[in-house]
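Trainee: The residues making up each chain are set out below.
Protein chains: 2
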Amino acid sequence: MAKDLHRTNFANEIIGVENSPVHAQQALDLGIVDRIEPLDKALAESDLVIVAIPVDKIAVALPAILDLIPASTTVTDVGSTKRQIVDAIKDHPRRANFIPSHPMCGTENSGPKAAIEHLFEGKICIICDHEEGKPQHLALVEKLYQALGMSIAYMSSDEQDHTTAFVSHLPHVTAFALANAVLAIEDRNIIFDLASGGFQSTVRLAKSSPQMWAPIFWQNRDYMLEALEVYIQHLKEFKECLKNEDLDQLIQLMTNANKIRGVLDGENSSMTKNEETIIKLYTK
Amino acid sequence: MAKDLHRTNFANEIIGVENSPVHAQQALDLGIVDRIEPLDKALAESDLVIVAIPVDKIAVALPAILDLIPASTTVTDVGSTKRQIVDAIKDHPRRANFIPSHPMCGTENSGPKAAIEHLFEGKICIICDHEEGKPQHLALVEKLYQALGMSIAYMSSDEQDHTTAFVSHLPHVTAFALANAVLAIEDRNIIFDLASGGFQSTVRLAKSSPQMWAPIFWQNRDYMLEALEVYIQHLKEFKECLKNEDLDQLIQLMTNANKIRGVLDGENSSMTKNEETIIKLYTK
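Each protein sequence line maps, in turn, to chains A and B. Going by this note's numbering, the first residue of the first sequence is number 1, and it counts up by one from there. Going by this note's numbering, the first residue of the second sequence is number 1, and it counts up by one from there.
Please note that a few of the clues may not be correct.
As the list claims (entries may be wrong) - Here are the simulated lysine-lysine pairs, DSS-like style, with alpha carbons at most 25 angstroms apart:
#  : chain 1 : residue 1 : chain 2 : residue 2
1  : B       : LYS3      : B       : LYS90
2  : B       : LYS207    : A       : LYS57
3  : A       : LYS239    : B       : LYS239
4  : A       : LYS3      : A       : LYS57
5  : B       : LYS3      : A       : LYS239
6  : B       : LYS239    : B       : LYS259
7  : A       : LYS207    : B       : LYS3
8  : B       : LYS113    : A       : LYS236
9  : A       : LYS239    : B       : LYS113
10 : A       : LYS243    : B       : LYS236
11 : A       : LYS207    : B       : LYS239
12 : A       : LYS239    : B       : LYS90
13 : A       : LYS236    : B       : LYS243
14 : A       : LYS259    : B       : LYS259
15 : A       : LYS243    : B       : LYS57
16 : B       : LYS207    : A       : LYS243
17 : A       : LYS207    : B       : LYS259
18 : A       : LYS207    : A       : LYS57
19 : A       : LYS207    : B       : LYS57
20 : A       : LYS113    : B       : LYS259
21 : B       : LYS207    : A       : LYS236
22 : B       : LYS57     : B       : LYS113
23 : A       : LYS207    : B       : LYS207
Hint data in this document are derived by calculation from the structure and do not stem from the laboratory. No experiment lies behind these values; they were computed from the predicted model shown.
Working from the sequences, and respecting the hints, build out all of it.
Mentor: So this is what it looks like as structure tokens:
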């Protein structure tokens, strides 16, 4: 994000706050940040604060950050869950300075060296409970994501946690479990030798950081349990077809799954990705 | 495959046998085949016959193909399962002309228009029960896959079916079931808008053809049931961690899954992908 905010001249200067001296030096060396400062100094000098740490740490750090910022500072986060984060600051006097956001993109890699440009372009950012932020803070965060080339969707924190449980968090668990299942059964050399493109793409997310993802699953565990239950039921349908030798139903299950092609390729969408910014209000 | 065999001059001429007049014309127009002929004429004029149809059809067509070929013709197939195919011709007088093979690559697309060059390069081809083929037929099929840039692994049909159940067929079911679970819960526009790269790569295989994959699952259903059972158990472990609020075990499961990174990136492999051809004999 810092790379793109430099490149697009959205930011004049980017100040990093970083616990790890190694990562701090890498971020400086790579030109990702202009300087590294302690938290209080960085907060005092910034117009916009972007909190990009694991979601359990956001819930802890955010009240302290809101305590320290000047009255006019805008704060956002990039966490994948929202209910617990919003709940942690719901009565804070600076609540309206905070615009909760979830840019839906990333890779399975982490650390300053994993930073790549153009990661956000054409992707969606969810902004949550936008009516609870002051208009100028909302406007600045919208402008931030527009500068990154993202489209914006507006949802309640509850709706975002439910939806991302299915379209983001569940796919991570399916990949982690697939890796564990294959590692439990197969010789490592056989996996390496035989892993086709299909296996590699399906299991890719299993490379993701437990430090980042465990708190996400944890904060969203009620919806994750729902998503896992639904998913296991759908797997059991495949199993029953094979067990009961019901070939017609097996083909039916796969034909239904094929509909994801139309959805992902946009045939059924109301949205034009080419528009510069699309603002949608989802209502349940 | 035909594209690459033209490009590498492995084949002087490629004759297509095709039921669909539309696909036959496309294959001619795209230069994938030099001519289209009826099966008996094509078999009479070919040195090497490559059977590339759904695996249930291979089991039916292969005895008829072996009936029709001249004594010196080599036959191979590209099916993803092997036990039922090999079983269908085990007592055929031309059994030794047939070299069962499974090149481990592909895309989720099908038909002549989906043909792409260099698909096979750097991938693995499994040759099964190679001791049952005559040496000259084995040699020609090995040369075929070497021309495509593939490495070769040798296995029994039983071992190939068990291994591919885990590293190829299971990932397809996990993707089909993920698509069905998400399609069952979420609004299509929400899926389209929010689908991140992570979701798209994990669910990609759900776009695969039921006509191709149902017979594969069907022929391999005993090992598929085993693989699905193992996979569901690993999913349930995640579910139990969330239900029992066991964060340590959750992190442990993800840390174990991370080992797939080392395996896929080759840190634990005995194999150098750069070698032109690697011939391995797996023994259980």
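Trainee: Indicate, hint by hint, whether the structure satisfies it.
Mentor: To see whether the hints hold, each was checked on the structure:
no., hint, verdict
1, B/LYS3 with B/LYS90, "violated, 31 angstroms"
2, B/LYS207 with A/LYS57, "violated, 38 angstroms"
3, A/LYS239 with B/LYS239, "holds, 19 angstroms"
4, A/LYS3 with A/LYS57, "holds, 23 angstroms"
5, B/LYS3 with A/LYS239, "violated, 37 angstroms"
6, B/LYS239 with B/LYS259, "holds, 21 angstroms"
7, A/LYS207 with B/LYS3, "violated, 35 angstroms"
8, B/LYS113 with A/LYS236, "violated, 35 angstroms"
9, A/LYS239 with B/LYS113, "violated, 33 angstroms"
10, A/LYS243 with B/LYS236, "holds, 20 angstroms"
11, A/LYS207 with B/LYS239, "holds, 19 angstroms"
12, A/LYS239 with B/LYS90, "violated, 30 angstroms"
13, A/LYS236 with B/LYS243, "holds, 20 angstroms"
14, A/LYS259 with B/LYS259, "violated, 33 angstroms"
15, A/LYS243 with B/LYS57, "holds, 22 angstroms"
16, B/LYS207 with A/LYS243, "holds, 24 angstroms"
17, A/LYS207 with B/LYS259, "holds, 8 angstroms"
18, A/LYS207 with A/LYS57, "holds, 22 angstroms"
19, A/LYS207 with B/LYS57, "violated, 38 angstroms"
20, A/LYS113 with B/LYS259, "holds, 20 angstroms"
21, B/LYS207 with A/LYS236, "holds, 20 angstroms"
22, B/LYS57 with B/LYS113, "holds, 22 angstroms"
23, A/LYS207 with B/LYS207, "holds, 23 angstroms"
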